[in-house]
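> Chains A and B, in that order, are what the protein sequence lines are. Per my numbering, the first sequence starts with residue 1, numbered consecutively. Per my numbering, the second sequence starts with residue 1015, numbered consecutively.
The reader is advised that the hints may include incorrect statements.
Here are the simulated lysine-lysine pairs, DSBU-like style, with alpha carbons at most 35 angstroms apart [unchecked claim]: (1) Lys994/A - Lys981/A; (2) Lys1204/B - Lys265/A; (3) Lys568/A - Lys603/A; (4) Lys988/A - Lys1213/B.
Please keep in mind that the hints were generated in silico from the structure rather than gathered at the bench. All figures in this text were calculated on a predicted structure; none of them were measured in a lab.
What follows is each chain in one-letter form.
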Amino acid sequence: MKNCLFILTGFGIFISTECRSQATFPVNGTTDPRHITYAFIHSKIVVDYKTSMDSATFIVRDGIIVDEGKNLATPPGAVVYDLKGKYIYPSFIDLFSDYGLPEIKKPQPGDGSPQFNSATKGAYNWNQAIRSEYDAFKNFSVDQKKSEELRKLGFGAVNIINKDGIARGTSALVTLGEGKENDVVIRDRCAANYSFDKGTSMQDYPESLMGAIALLRQTYYDAQWYSNGGYKKEFNISLDAWNATQSLPQIFDAGDKQNEFRADKIGDEFSKKFIIKGAGDEYQRISEIKAMNDALIVPLNFPEAYDLSDPYDAINISLSQMKHWELAPTNPSSIEKAQIDFALTTSDLKDKNNFWKNLRKAIDYGLSEQAALKALTLTPSELLRSSDVVGSLRKGMMANFIITSKNIFDKENVILDNWVKGVRYKINEYEMKDIRGTYSLEVKNHAALKLKVTGDISTPEMKLFEDTIPVNVSYTRQGTLITLQYELKKKETKGTYRLSGYVNEDNPVAWYGNALVPGGEWVNWQAKLDSVFIPVTKKDTSKKEIPDLGAVTYPMMAYGWKEIPKAKTVLIKNATVWTNEADGILANADVLISEGKIKQVGKNLSSPGAEVIDGTGKHLTSGIIDEHSHIAVTDGVNEGTESASAEVRIADVIDADDIQIYRQLAGGVTSSHILHGSANAIGGQTQLIKERWGFSPEKLKFDADGMAWPGFIKFALGENVKQANWGDKQVYRFPQTRMGVEQVYNDFFTRAREYENEWKKFNAPDSKIKNKDVPPRKNLKLDALVEILNSKRFITCHSYEQSEINMLMHVADSFGFKINTFTHILEGYKVADKMKSHGVRGASSFSDWWAYKYEVYEAIPYNGAIMHDMGLTVSFNSDDPEMARRLNQEAAKAVKYGGVSEEEAWKFVTLNPAKILRVDQRVGSVKAGKDADLVLWNENPLSIYAKPLQTYVDGIRFYDVDADQQLRDENRKERARLIQKMADAKNKGEGTQKPAMKAQVIHHCDEDEYLLMK
Amino acid sequence: MKKYTFLLLAIGAAKILSAQNPAPAAPQSESMIIMNATAHLGNGQVIPNSVIGFENGKITFVADATTVRFEKNKYRKIIDGYGKHVYPGFIACNSTIGLTEIDQVRSTRDFGEVGDLNPNVRSIIAYNTDSKIPPTVRSNGVLMAQIVPRGGTISGQSSVVELDAWNWEDAAYKTDEGIHLNWPRMYIYKGEGSQPEDKQKENMNRSLSSIEFFFRDAKAYSLSSPAEKNLRFEAMRGLFEGNKKLYVHCDYVKEIEAAVNFCRKYGIKMVLVGGDDAWMVTGLLKENDVPVVLGRIHSLPPREDDDVDLPYKLPYLLKQAGVSYAISIEGSWNIRNLGFMCGTTAAYGLSKEDALMSITSAPAKILGIDSTVGTLEAGKDATFFISTGDALDMKTQNVTSAFIRGKEINLDNVQKQLYVKYKSKYGMK
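Required output: the full structure, derived from the provided sequences and hints.
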């Protein structure tokens, strides 16, 4: 058998000769019309995922299903296939393919100079990543190699998407046939496509995820404006195409689960229902995914186990990576159980040949066969509004089907044929004569040998025995012709025997021919069938229970919760309570919290049923609020490509899976104000969050539960804004000096005022403009600035040197609003009087940073104390997740440098930032009625020796020093279990991947720090 | 354009010169005694009510005031230390004080020389005594520092200085005491901007073999006196002769193991600098007598799954395992927080007196200056300071006087001057 030449399997896939020509094409030679009727009889026909017929007939002609049913007569003149015991299924549809489209080439990186404008020539959109005018069908060409690869898997049609850009234009539904493109394209514009990835666009904007989101939103508004009359002012191919494709199905290539939420949110804003392509981690937040109420396209790219045989490598693989390895195969089943409409795709599979392996794995992990079939047939066709053509096997539909040897999900199943639009593509041989059995091989020179032919029909195994001793034998078979070669060892018959001949396909089968025997003589030979091969039906031992799996945790990583903790009624007794109120610091006081709020502060409190915490010797404070943070953000805190990026919103990119959230809790932080970076004069809109570890991104927002938090926006001054330390290539963006910064503000606020007036005029009831002219273009950037002008949005401005601080206050005064916060404000001590008279709400500084760049060379650690003594509301912030978890110590530096009282210094990181952020009605002090955002410390919180013992947010104990120990133990055990499981997987021969170090990205104002890239 | 450049420089200079460093102190002229202070000796011991005598720059005695007998009159000046604390001057390892003024301004950076193997480069001659940073650091008790070059594979040689001097010769306490080697990264890294795996491996192997060859050749050179001098190899001699240490900078466990084995092979005295993963290989470090200069204690755990407080308790883990260590802050201006990083280690497992050793006696030992500094002991330099409260806690640290070899240094600095200036602008007291 070893030597068997596999000519047999070599036939692979041959297109049958019948190829239809196209009506419009001239023919060279004699025309060859063939309108063959095919009749498939005795087959099990799976009409769709839930309907099937046993032993039925299926009739196909000219690429169309002509008829199907039981007891149908075979039409005269039909080519008949007897499919007894076999199955016919609708072939699969992949909604998310790039088949047949030109390869997307990564652009060559430039020299580092900025590219402000689109490089696309012509009347297209201002942004190069908006490519709504792209039509996949115009760029499609048949690719035989790739179509064959997909047909082998059972696919018959794919939706082809040019996966490049934020708006990607239309995709087309094409078959996987190999005819002329004219015959292969089913539907030209099938869906409009979007993503967050600007792809090959080298235009700077957008450089961040929030920028991509803003660009999409602005484009929606631009397109509305365009159709409402904007076209009279500007001709724009991209917006035109955008509008023309809005009624199509809308596919959004989102990425991971959090990006799916982001895509869905955009959809909600513009009343679009997206079909969302995910990354296969939906199971990690399945209830929120369900709540999106969108259909999904789900990949089967389950990660391979990490090869952790070196424990020093194992330490670099996080629990979240390990857990995802274990649970990713449960994703499809989790989506099915949540009753979400979904299609499966081969996209994201590094090796498409893993499709079946992974699909079966998903079924082993709980996905029902019915749902799997539906996700590969009917659902994709329905989502593309093409279920009248493909996706099931009904009369009149396209003849796109596969023939299988068994139930398609059976592990032994073989796909035999893949018929595309009525054209047969052979995948595996099944029409060959079954020659299996036990023969006696008779050759003149020696006694009869026993020949056993077993295995499968198309590539049987042969074993030859002389008496009972095995003899090496090899064979080839092509059609009816067969050759055998073997070598005998016995002295009298020793030598190589070479037999050639044919198979008589009558019953019983017999083989005849001539042999060249040792010595060079030609003799006759024959093989007579003694008994027919009876296949042993193996018991399917591979069918397993769903494997024993670890739990999904929230978030899905170390320190994640199996169950998110809930608010309880808690009475903390006999603690030193730093009230931040008129009561000051109360000794031996009690605090009662219930339903997320502080109920009572006093002495000798009692509450039946409350959990009582002994606070003796401990200190209770309100939670720390970090006025300046960049934690919990996905893909960039700067949209610094333009001088003003007021349209971008941190709120769009909150990352609930950031370990820094837990680490902040461990440092007593309960709220963080997440800021845009400081790369430009007018930055992006900020978001205040609470450290609700384990909650979904939306639920981290401070105002998640109804009470609105007024919006803030980041501004910045100084060296970052003028790109002073960005290298010699970055010398083109305006402004490059502080002088220019003032003009940026003047210009944008002037435009914002005019923009507001334009809208007022347009909307005025007596306006003569309305309905007569084009409405003003909605501008998200200017909308945010108008909010500032109207004191509906508040500025927190990154600032160092006194000159520009002074300047910005003048700008604000001249436009009639106030600067809410100066953040960093390291030279605030020089202009504290001016800030006071301008009426800033507060100053939020570093305690003691200086000398890291020129503009902070006169920063002094007494800054906080001076500003405080001048009557400003002062806070200390971190701008850094490490410092944030020690902000209590930073507050203590106000005591050290400048002698601020302990009580007042403590407010620098609690009540004062709450005031600055306009949330002091809810947080910042220990007062009945306020949110129960509290920290219990082992001692005076300003001490270097102080450690949080418990941290509460909304009355929920999210951090507890004892529970933390437990979580660490669980992390260790879970890691150990998964490392063992991966080792087992490796030993079983499953594929593995090499571990690598992954950086923790730490965002600061003006840089991203990669923690493992020292 | 020339004119403009000049103008810009002039503006810059004017700002820098607007505040002045105080003059360095004159040598100790009169004998002094500190009475009744809590003396933290820096060796793990504390004397709650102490007497400390010092003259001619040296400590003459340190004793328990309740039991010791001595002649008060012999001392010209008596300092009342009641309720106060005396600490040996903190010693900052692995700093760039005086090599950088403003990190982002290239003209003020002098720590990174071009080239990969620069053992002959010496930090001491670039140490700028007129930097505005040392006075701000010493007013928080940091009185001595190791000045360390950066970059390349072998960055150059470090020296130990006192932070009060007219010029680098005055400042130098121990010159060219060690060579700094940045061990190549031995992990494959995946993430933003990472190179392909084989490229990373290739770079790693190239770096490792370049180190190997360089040390092999340097050792051979050190055993001979070639007519043609090689300045790099001349600088390396001390390593093989045992009078210089090799400071190997790396954090991760594979690198640490490789570096320790490398130094053992060449018979070199090694100090590990960084050492985030040192707790995993304490046996190896102890067995080879390799001390560790830990990096910032106030840092995030290196890996997502790590214990939240891992960096804080790292010293405790090393102490438990019997590994010698000091703590440091790689930087310049921020080194004034060294005491507080030390304080944190006392909150996470160590006693305060044990913690204190990591910025006093332990760095002195690592730097080879422990016979004269690092503890409050008779015969050692009178390099110490007085704080009204616990100097490891920012809430209480308040350095009222400081002495370097008996010289009472001026604790003023540019930041205090600006504080005074602006208080007076606003009419504050």
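> State the violated hints by number, sorted upward, taking the hints as numbered earlier in the document.
none
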